[in-house]
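Note that the protein sequences, when read in sequence, are chains U and L. For the first sequence, the residue numbers in numbering that gives the first Met the number 0 are 0 to 206. For the second sequence, the residue numbers in numbering that gives the first Met the number 0 are 0 to 206.
Any given hint could turn out to be false.
For identical chains, the list gives no copy identity; a pair is met inside one copy or between any two copies.
To be verified - Pairs of lysine-lysine, DSS-like flavour, derived with a Cα cap of 30 Å:
{"#": "1", "residue 1": "K187", "residue 2": "K49"}
{"#": "2", "residue 1": "K135", "residue 2": "K49"}
{"#": "3", "residue 1": "K49", "residue 2": "K120"}
{"#": "4", "residue 1": "K3", "residue 2": "K49"}
Calculated from the structure, these hints are not laboratory results.
2 protein chains.
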Amino acid sequence: MTQKTPPDIVIGRLPIYLRALNALADQKQEVTSSYELGERLGISSAQIRKDLSQFGDFGKQGTGYHISYLIEQIRHILHLNRKWDVAIIGAGHVGQALANYGGFVDHGFVIRAIFDVDPRKVGQQINGITVQHQDKMGEEVRRQGIKLAMLATPASSAQEVADTLIEAGVRAILNYAPITLAVPDEVKVQSLDPVTKLQHMTYYLEP
Amino acid sequence: MTQKTPPDIVIGRLPIYLRALNALADQKQEVTSSYELGERLGISSAQIRKDLSQFGDFGKQGTGYHISYLIEQIRHILHLNRKWDVAIIGAGHVGQALANYGGFVDHGFVIRAIFDVDPRKVGQQINGITVQHQDKMGEEVRRQGIKLAMLATPASSAQEVADTLIEAGVRAILNYAPITLAVPDEVKVQSLDPVTKLQHMTYYLEP
Chain U
0 MTQKTPPDIV
10 IGRLPIYLRA
20 LNALADQKQE
30 VTSSYELGER
40 LGISSAQIRK
50 DLSQFGDFGK
60 QGTGYHISYL
70 IEQIRHILHL
80 NRKWDVAIIG
90 AGHVGQALAN
100 YGGFVDHGFV
110 IRAIFDVDPR
120 KVGQQINGIT
130 VQHQDKMGEE
140 VRRQGIKLAM
150 LATPASSAQE
160 VADTLIEAGV
170 RAILNYAPIT
180 LAVPDEVKVQ
190 SLDPVTKLQH
200 MTYYLEP
Chain L
0 MTQKTPPDIV
10 IGRLPIYLRA
20 LNALADQKQE
30 VTSSYELGER
40 LGISSAQIRK
50 DLSQFGDFGK
60 QGTGYHISYL
70 IEQIRHILHL
80 NRKWDVAIIG
90 AGHVGQALAN
100 YGGFVDHGFV
110 IRAIFDVDPR
120 KVGQQINGIT
130 VQHQDKMGEE
140 VRRQGIKLAM
150 LATPASSAQE
160 VADTLIEAGV
170 RAILNYAPIT
180 LAVPDEVKVQ
190 SLDPVTKLQH
200 MTYYLEP
C-alpha cells in the first residue's frame, strides 16, 4: 500500500466499484476485469486500473481481478469490516425513509438513535427505534460513541445541529438539509440535496 | 459567454453557489464577494471567481457581485427560468418522502406523476397526486413531455425502468436505487445512494 493519500474523488469511486463487485459476486461470478467493470460503470478501464493501483496490487495483467479478494480489500480500505452506528436527526419524511431503509443494515450501518424537536414525534417508534427529543442528542451520541450521522432537519436548524453533533464526537455527516454545512477539516460531509442535483442536470436539458 | 462547455464539476458547483446566494438574498443582502461566498461554502475565492468567469463577467474587481443579478444569471445558465415537470417512480418510503418534499416546487420542480408496481399503492394519493401503475409510465411520461425523473425503485428493476423512461423521452434521472445505471450519452444521471456516500466517508474514520 502506498503512503500518499489518494485523491478524494478516487476514494469516492471505491464504493461504486464495491457495489458492482458485490453484484457480480451475487451472480456467482469469480473473476472480473477492469474492462468488464468499466462497461458496467461507464468508467474507462484505464481509470479503474489507475484508481485501484493507488491502494495496492490487486490484479494480474491478463488474468483480471478475483472478485472476492478485491471485495475484501476494498472493504478493508474503506473500514467496512466492522459495524458502524448511525444517528438520524429529523423524523420527518426523509428521516423516516432513512430509518425504514433496509439497505443500511445490510451494509453494516446500524441506526442506533433518531432525534426530533417535535413533541408529537418524540416517543414514536420508527422501525423499532424510539424517537428521542433533540435536546438529548449530544448526550446520547456521546454515550453511544456514534461517529456517523444523517442530518434530515430543515435548513434553518441544520448548522446548529451539526455543531452539536460534532461537539459530541460525530466525524461524518450525510447531509440532506439544503445548506452547505461549515465543519472543521477533520469532519467529512456528503450532501444529498436533491434540488441541487436536479439543477445540475437541467443545465444539459434544452431550455 | 464562452463557447467551450465548462467541466461538469464546475456545472455541479453552480447550484451550490445559487443556494448560497439565495440565502444571502433572503437576508436582504445585495452585494457579496467571492471571499464571502468562499467562506460560507468552504471553497477558495479563487476557485469561485474562476468557475463563474467560465460563464461570463459577473462581477467587478473590488466591488464584488450584485446578488440578484448573479442569481438571475446562474438561473439562466442552469435553465431554471421555467418550471420543470418531474415523475417519481417508486412509491415506497423514499418515493413518498420525495413526493412530500416541499423544496421541489419552491425551486420550480413540479411532481406530475408517481408510479409503482404494487397494486396496494396504485390509486393512493400522495401529496395530492394519484399513484399510477408502472405499466402506464412510458405512455404517461411521453404524453406529459416529462424530461426529469426521480428513480426510487428497488435496484433489481431500476435499469429496466430507466430504459423505459429514456425511451419515453426522459433526459435526466435522479437515481436513488443502489445501482449504476447504463444510459446513453445524452441522458444525465445523478446518484443519491446513501450507502455509497457513507462508505466514502468511513475511509476517513478511524477503523
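Verification of the hints:
For a Cα distance limit of 30 Å, the shortest separation of K187 from K49 qualifies both inside one copy, at 24 Å, and across copies, at 25 Å. Taking the shortest alpha-carbon separations for K135 and K49, neither the intra-copy value of 46 Å nor the inter-copy value of 44 Å comes in at or below 30 Å. In the homo-oligomer, the alpha carbons of K49 and K120 never lie at most 30 Å apart, since the shortest distance is 48 Å inside one protomer and 46 Å across protomers. When the C-alpha separation of K3 and K49 is checked against a cutoff of 30 Å, the pair qualifies both within a copy, at 14 Å, and between copies, at 28 Å.
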